[in-house]
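The numbering used here numbers the first residue of the sequence shown as 33 and each following residue consecutively.
There may be inaccurate statements among the hints.
As the list claims (entries may be wrong) - Below, a list of computed lysine-lysine pairs in the DSBU-like style, where the Cα atoms sit at most 35 Å apart:
no.	residue 1	residue 2
1	LYS94	LYS160
2	LYS54	LYS160
3	LYS164	LYS54
4	LYS54	LYS111
5	LYS164	LYS94
6	LYS111	LYS94
7	LYS111	LYS160
8	LYS94	LYS147
FYI, nobody ran anything at the bench for these hints, they're computed from the structure.
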Amino acid sequence: MDVFSALDQICGPDGALSEEQKRHFDEQGYVILPNVFSPEQCRVFAEEFDRLSAIEGAEGGKEVHTEAGAPRVSNVFNKTDVFDVCLRSGSILHAAHHLLGDMKLHGANMRNPLKGQGHQNLHSDAPKASQKDWRVANALIPFDDMDRTNGATRVVPGSHLLPALTGPDAVVTMELTEAEQSLLPEDRVARHPRQIEVELRAGDVVVINGALWHGGTRNESGRNRRMLHLSFTRRELPQQLVQQDYLTPSFEKRLTPALHYLLDTHPIDAAA
C-alpha cells in the first residue's frame, strides 16, 4: 500500500483540488472548500459533539490537552463512528496530500469556545527547518456557521513562508528581508495588521498549512462554534495521538486496509 493507492480506494478522484485552489493554497497557506458536508451531516456532527462533551466534562480533550473556556473532545474516531465520513472526504484528503505527499492522520480534536472565551495567540501547528518544510495540514470542519461574532479563526495569509510561530522561544533561522522581519508579531495575542478572519458556513472546510500563523478568536456572541480539527502529517513524522495505542476493536472493525494505511495502524491481532 502507498498513499496513491490508499487515496484511490478511500475517495478516488472525488474532491480533487482545482488548479486555482492549489495556487491559493501554495501562495496564501490555506484553501476554503465549500459545501463539503451537508446541513444534515453538520446537525448530526454537532449533536454528537454535545453528547460526548457532556459525558467527558472538564476532562474532555485530555488525550491531547484540556482548555478552560472551550469544551474539547479528542481521540474522536475511537469514541464514535459519526465522524468516519470525514476520514473519507476526498476534498480534505486531496488537499492534505497536495501539501504533504505521503501522509498519515495526525490528530482529531473537537472544540467549542464559550461566550467571552476562545481567543488564542497567533501560532503555527508545527516547526520547520526550511522555508517550505511543510509538516502538518489541518482541516477545520465547522458544524455551525462561523463568523466574527462567534470566534472565527484568524489567519495571516502568506505567513507560512515566514518563520513558524511554534513557541515563545522559537529560534528564527531563516534569512529575512527588512519587510519580512517587520511582519513578525511582537505581541501574539494582539491583532496582526495583515490578519483576516475566515468566515465559513456549516459544512464548508478550510484546510490550512500548519506553518501558517493562525489562532482562534473570542466568541463574543455566545453562539455555538463547534468544530472538528482533522490534521495530517508527513508519514515519517510522529502523530499528535499515536493511533495504534488507542485503537479499539469497534473502530478496527470499521477500517479497510486503505484506512489502516491512512491512520498508520495495523489490526490489533497483528500487534500481539
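For the pair supplied as a hint, LYS94 and LYS160, confirm whether the alpha-carbon distance does not exceed 35 Å. With a Cα-Cα distance of about 26 Å, the restraint between LYS94 and LYS160 holds, given a limit of 35 Å.
Assess, step by step, whether the Cα of LYS111 is no farther than 35 Å from the Cα of LYS160, and give holds or violated. OK: LYS111 and LYS160 at ~32 Å, within 35 Å.
35 Å Cα cutoff - pair LYS164, LYS54: Roughly 15 Å separates the two Cα atoms, so the pair holds.
Is the straight-line distance between the alpha-carbon of LYS111 and that of LYS94 35 Å or less? Status holds; Cα separation ~14 Å.
So if I understand the rule, the pair passes when the alpha-carbon distance is 35 Å or less; does LYS54 with LYS160 pass? Within the cut-off at roughly 21 Å; holds.
Quick one, are LYS164 and LYS94 close enough, alpha carbons at most 35 Å? holds (32 Å)
Holds or violated: are the alpha carbons of LYS94 and LYS147 at most 35 Å from each other? Since the Cα atoms of LYS94 and LYS147 sit roughly 22 Å apart, the hinted pair holds (cutoff 35 Å).
Just to be careful, I want the Cα atoms of LYS54 and LYS111 compared with a cutoff of 35 Å; is the pair within it? holds (34 Å)
Figure legend: structure checked against the earlier numbered hints; every hint is met.
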